Amino acid sequence: MSLYHHQQVQAVRGGFSRRSFLRNVSMGALAAGTLSFHDLMSVSAEELRKQGRAMILLWMSGGPSQFETFDPKPNTSSAGDKQAIKTAVSGIEIAEDWINTAKVMQDIALIRSMTNKEGNHQRATYQMHTGYAPSGSVKHPSLGSNITREIGDRELDIPSIVSVGATEGAGFLGVDYEPFNINNPGNIPDNVAATVTDKRYQKRLGLLGRLDTEFASRGGEVVVKNHKKIYDKAASLVMSPQTKVFDLSEESAELRRAYGENNFGKGCLLARRLVEAGSTFIEVRSNGWDNHADISETLSPRAREVDTGMAALISDLKQRGMLDKTLVVWMGEFGRTPKINARAGRDHYPRVFSAALAGGGVKGGQVIGSSTKDGSAVQDRPVEVTDLFCSICQSLQVEPRKENMSPLGRPMKIVDGGKVVSELFS
Amino acid sequence: MMSFTRKRTIQTACLFLVTLSVPLCQSASFAATKSADQTDKRQRVDAVTMAEKIDQLLEAELKKANITPAPLANDEDFLRRITFDLAGRKPSTSEVILFGLDGSPGKRRAVIDDLLKSDEYGVNWARYWRDVIYLRATDARSRINQNEFEEWMTTQLNQNKSWDQITTDLLTATGDVRENGNTALIFAHQGDPAELAAETSRIFLGIQIQCANCHDHPTDKWKRNSFHELAAFFPRVRVRPVRDATPRTFEVVSMDRGTDGNQYAQRMKMLQDPSMLFRLYDKNRDGKLTEQEVQRTRMARGFEQMVARGDKDGDKALTAEEIKGIPAPENMQRFMTEYHMPDLNDPTSMGKVVQPVLFVGTKAPEGLDDIERRETLSKFLTTPSNVWFSRAIVNRLWAEMLGEGFYTPIDDIGPERSAVYPEVLNTLSEGFTASGYDLKWLCKTITNTRAYQREMQKKTEQQHTPFAAQSPTRLRGDQIFTAITQVFGVDELQTNRNIGNRRYQASRSARGQFSSLFTYDPSTSQDEITGDVPQALFMMNSKTLNEMLGTDRNTKLAQIARDFKDDNDAIQELYLLTLSRVPGKAELEICQNYIQEAGNRNDALEDLMWSLLNSSEFITKR
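Heads up: the sequence lines are chains A and B, in that order.
For the first sequence, the positions run 1 to 426 when this note's numbering is used.
For the second sequence, the positions run 1001 to 1622 when this note's numbering is used.
Rather than coming from a laboratory, the hints here were simulated on the basis of the structure.
What you are looking at is a predicted structure, and each value in this text was computed from that prediction instead of being measured.
Glycine included, each C-beta is placed from N, C-alpha and C at the ideal position.
Among these hints, one or two may not hold up.
[To be verified] No more than 25 Å apart at the CA atoms, straight line, and that leaves these computed lysine-lysine pairs for DSS-like: (1) B/Lys1585 x A/Lys203; (2) B/Lys1585 x B/Lys1458; (3) B/Lys1458 x A/Lys225; (4) B/Lys1543 x A/Lys229; (5) B/Lys1312 x A/Lys117; (6) A/Lys229 x B/Lys1458; (7) B/Lys1288 x A/Lys373; (8) A/Lys373 x A/Lys117; (9) A/Lys373 x B/Lys1316; (10) B/Lys1352 x A/Lys117; (11) B/Lys1221 x B/Lys1352; (12) A/Lys373 x B/Lys1312; (13) A/Lys419 x A/Lys117; (14) B/Lys1458 x A/Lys228; (15) B/Lys1585 x A/Lys225; (16) B/Lys1543 x B/Lys1556; (17) B/Lys1316 x A/Lys339; (18) B/Lys1053 x B/Lys1440; (19) B/Lys1565 x A/Lys203; (20) A/Lys419 x A/Lys325; (21) A/Lys228 x B/Lys1543; (22) B/Lys1324 x A/Lys117; (23) A/Lys199 x B/Lys1543; (24) A/Lys373 x B/Lys1324; (25) A/Lys203 x B/Lys1556; (26) A/Lys117 x B/Lys1269; (27) B/Lys1585 x A/Lys228; (28) B/Lys1543 x A/Lys203; (29) B/Lys1324 x B/Lys1312; (30) A/Lys244 x B/Lys1543; (31) B/Lys1223 x A/Lys413; (32) B/Lys1312 x A/Lys339.
[Claimed, not checked] In silico negatives: residues of chain A with every beta carbon more than 12 Å from chain B: (33) Ile85; (34) Ala253; (35) Glu276; (36) Ser296; (37) Lys363; (38) Lys413; (39) Lys419; (40) Glu423.
Could you build all of it, start to finish, from the sequences and the hints given here?
Have a look at this one:
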């Protein structure tokens, strides 16, 4: 589940491990062939870590309808019940539930021409997190895990990658880059606070250490060494004064209200605090976007929560001068059908959907691409998942073609294919 | 008639022999020994005899390398190891004591037999196989029948169904997934032929053929064709929702007819060259098809959709160019009864039909329906001449029990991989094949070897030698969970209501939650399993565990504190309870000092139990 960072906790019991052999060979080959490039990369990678770039993913689980969010189609057969409203940017209209987001539209770039082929929740969620279709033989790392590996701060006590709600994991990048999962934003996460006083906790750890030494002397030394690394890391989190980052009561009541006193709002506020404290990637999940029935009634309460949280997050980041280096992305696994179905809902529709980006060098106040008049297809400038991912990499200054070795010794790019959506940054 | 012929043959043969010259006699006797050897291989050998043979082979190898293997483990270590491996739990305090007191020489063999007879054997290994299959699932919905699979697999294992039978049942499964646990593998991949080919090969042959999906295998001899020919055993498998079922469920079915693949191909061809459509339907000959023109023709049904996808100028009519421009649907494969190998140069085309062939076996006859294809594949896989079938499972179980396999990783074996002590693996695999793929025989053989029963050794600088000493290995999540419940003397642990998904019962149970935190893919090599911070946080700080540590409540620890007034006795009892052994001298001293310095005896015992539960040893098979 958790992150724990770059420290490679690898038990190599000696002998011959083919996987690590392949890893070493590829590193060796890289070094031999392009030594200067390799040196250059490691230098600039260190610099990037210091730059404090970060990303917050607002994930709309279930597949948010583009018509009721950022691509309304008033007065067409696809309109549904919602009206379109004006935003702070003239000429850009969004759906009526999004009044707060409308006010910060100058900071948001909308992509209305996202297109994909996957219409199954799990498969699409996997693809929209990893950039790859699911496969039984390899678990791809999520983009967040890749980003954290590339630019995360190695010295941090608190997790570098956090998810408020369930998400995809680090895949073959391993436990060091697993998102740290938080179920109740606002409180210290489960199991992070010790159940005894600090003094007694330290004494327990001391006793544990002495007993483990005995096991090591019986032949368990490799196991004990690994165990100690993990426990040291866990204990430093437990004892760290930085865990107060999880406690939202430090924020003013006014600001907490602005974000919204619900899990999504709290998650957004926590995300800002984590970025401030040095985390690299935070996902905040909003559930309930799979509106197959009564979309007009079921979607609004969710939309208002997300509208409040997202707008507060963008304004807050901006006010603190953090927006330039923090990319906020709003998206879900796919869009929904132009047709309202017999149950007054909309069904899955990956052919065209919307995404919203703010901060991290993205030029706000613009719409990229468009859907046809009835919203059934991309009209102009299709943007594929890999294009979006390349753009996210660009914002975070991560090299999308960087290859990591999968367990079977197959090099895999962070993003395979795709092109940066250059309009985002112009 | 029959006997007559036979008699005649024998007579003829005898006559023949008598008249033969000496050299031929020699070659005849040579042939006789050879065939005797072959029958030997097919003859079931007793597990204990085989274990001895394996040990002799291994020890000869070690001797050649001038390595002295570690001595056998003491009774406590052996009992804990075997109980985890065969029954998925730790031995109880009384089991440890009784086993130590038992003076009979055959007691290890006897405990192996007892554990193999217990129902816990099936439960333990069913959970193992659940992780093998579901942790690689490409469709997360498959979790809905995890419990059914576990139950089904437990029954198979406890009835000691042979491995070829289990394999066949998994590959030929049909029906409602909630009623048929053996649909697990197919359901986990939504019946997708390519994923099923990859997983079938990985799990049952230990061969990673999926690299050959897009190109010839980079490090093995397999060609791209081999992968797709394996996938061609599965093109008619379908997984579909069961209508109006509560709770929601799915079924695995065969699609042998329905939309015929050829019909579909014909339709595709027609769209690529629509001239015929225009000759038939373009009544006013204006080069455009309209809804009116195709009314009541076979084009009527799909016309609206075609317009939506192909109409570029928005006139609701389709020109030949517009029809040609309609992209082929993504889910084409769903409508086809034959497997089409994708054409890498033209990814949107249908690709070419390939016939089912098993790359380490033979070609299937043509014209088979779905079940026949899957049965044929099962037969090819499980035929005794396919050595990879038995090597894969032997290597897998050996690695699970000894901490490392002959091949590493365990699911990447094959003709171009190198194994340690290949002749040992081959001997054991041949024995397993001869046993009729008897899984209990295999477990019994492995656990009866001295190789399995050695003690751990302090690592020296010298190179690591496989199987010369016990490798400490990480227990699986289910085994740790069971051990914790045993330590606290409870049936279940408390669940965290904040997590889990209401749709999947397993994620709501304490075991399910614990498992999702502690489980690792059992196909991972031990040297890549390290545990992580959330696991440590759970063991250290979770309310669930800490509530059961209090001496101020009615807990196991409070009882020990009360019943054992002497510190030494209490420490000993705690060690037996958590680690199934008595403490060593140094350990006893550390604990005594701790209790004395602490002042408060109860607090000190809580701290001690906390430390033992959080120790490396608690989560390790030693």
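Checked hints:
no.: 1; hint: B/Lys1585 x A/Lys203; result: holds (21 Å)
no.: 2; hint: B/Lys1585 x B/Lys1458; result: holds (18 Å)
no.: 3; hint: B/Lys1458 x A/Lys225; result: holds (13 Å)
no.: 4; hint: B/Lys1543 x A/Lys229; result: holds (23 Å)
no.: 5; hint: B/Lys1312 x A/Lys117; result: holds (20 Å)
no.: 6; hint: A/Lys229 x B/Lys1458; result: holds (20 Å)
no.: 7; hint: B/Lys1288 x A/Lys373; result: holds (23 Å)
no.: 8; hint: A/Lys373 x A/Lys117; result: holds (21 Å)
no.: 9; hint: A/Lys373 x B/Lys1316; result: holds (15 Å)
no.: 10; hint: B/Lys1352 x A/Lys117; result: holds (23 Å)
no.: 11; hint: B/Lys1221 x B/Lys1352; result: holds (22 Å)
no.: 12; hint: A/Lys373 x B/Lys1312; result: holds (13 Å)
no.: 13; hint: A/Lys419 x A/Lys117; result: holds (18 Å)
no.: 14; hint: B/Lys1458 x A/Lys228; result: holds (18 Å)
no.: 15; hint: B/Lys1585 x A/Lys225; result: holds (22 Å)
no.: 16; hint: B/Lys1543 x B/Lys1556; result: holds (16 Å)
no.: 17; hint: B/Lys1316 x A/Lys339; result: holds (18 Å)
no.: 18; hint: B/Lys1053 x B/Lys1440; result: holds (18 Å)
no.: 19; hint: B/Lys1565 x A/Lys203; result: holds (23 Å)
no.: 20; hint: A/Lys419 x A/Lys325; result: holds (21 Å)
no.: 21; hint: A/Lys228 x B/Lys1543; result: holds (22 Å)
no.: 22; hint: B/Lys1324 x A/Lys117; result: holds (20 Å)
no.: 23; hint: A/Lys199 x B/Lys1543; result: holds (19 Å)
no.: 24; hint: A/Lys373 x B/Lys1324; result: holds (23 Å)
no.: 25; hint: A/Lys203 x B/Lys1556; result: holds (22 Å)
no.: 26; hint: A/Lys117 x B/Lys1269; result: holds (23 Å)
no.: 27; hint: B/Lys1585 x A/Lys228; result: holds (23 Å)
no.: 28; hint: B/Lys1543 x A/Lys203; result: holds (19 Å)
no.: 29; hint: B/Lys1324 x B/Lys1312; result: holds (12 Å)
no.: 30; hint: A/Lys244 x B/Lys1543; result: holds (20 Å)
no.: 31; hint: B/Lys1223 x A/Lys413; result: holds (24 Å)
no.: 32; hint: B/Lys1312 x A/Lys339; result: holds (20 Å)
no.: 33; hint: Ile85; result: holds (28 Å)
no.: 34; hint: Ala253; result: holds (25 Å)
no.: 35; hint: Glu276; result: holds (22 Å)
no.: 36; hint: Ser296; result: holds (24 Å)
no.: 37; hint: Lys363; result: holds (31 Å)
no.: 38; hint: Lys413; result: holds (15 Å)
no.: 39; hint: Lys419; result: holds (18 Å)
no.: 40; hint: Glu423; result: holds (24 Å)
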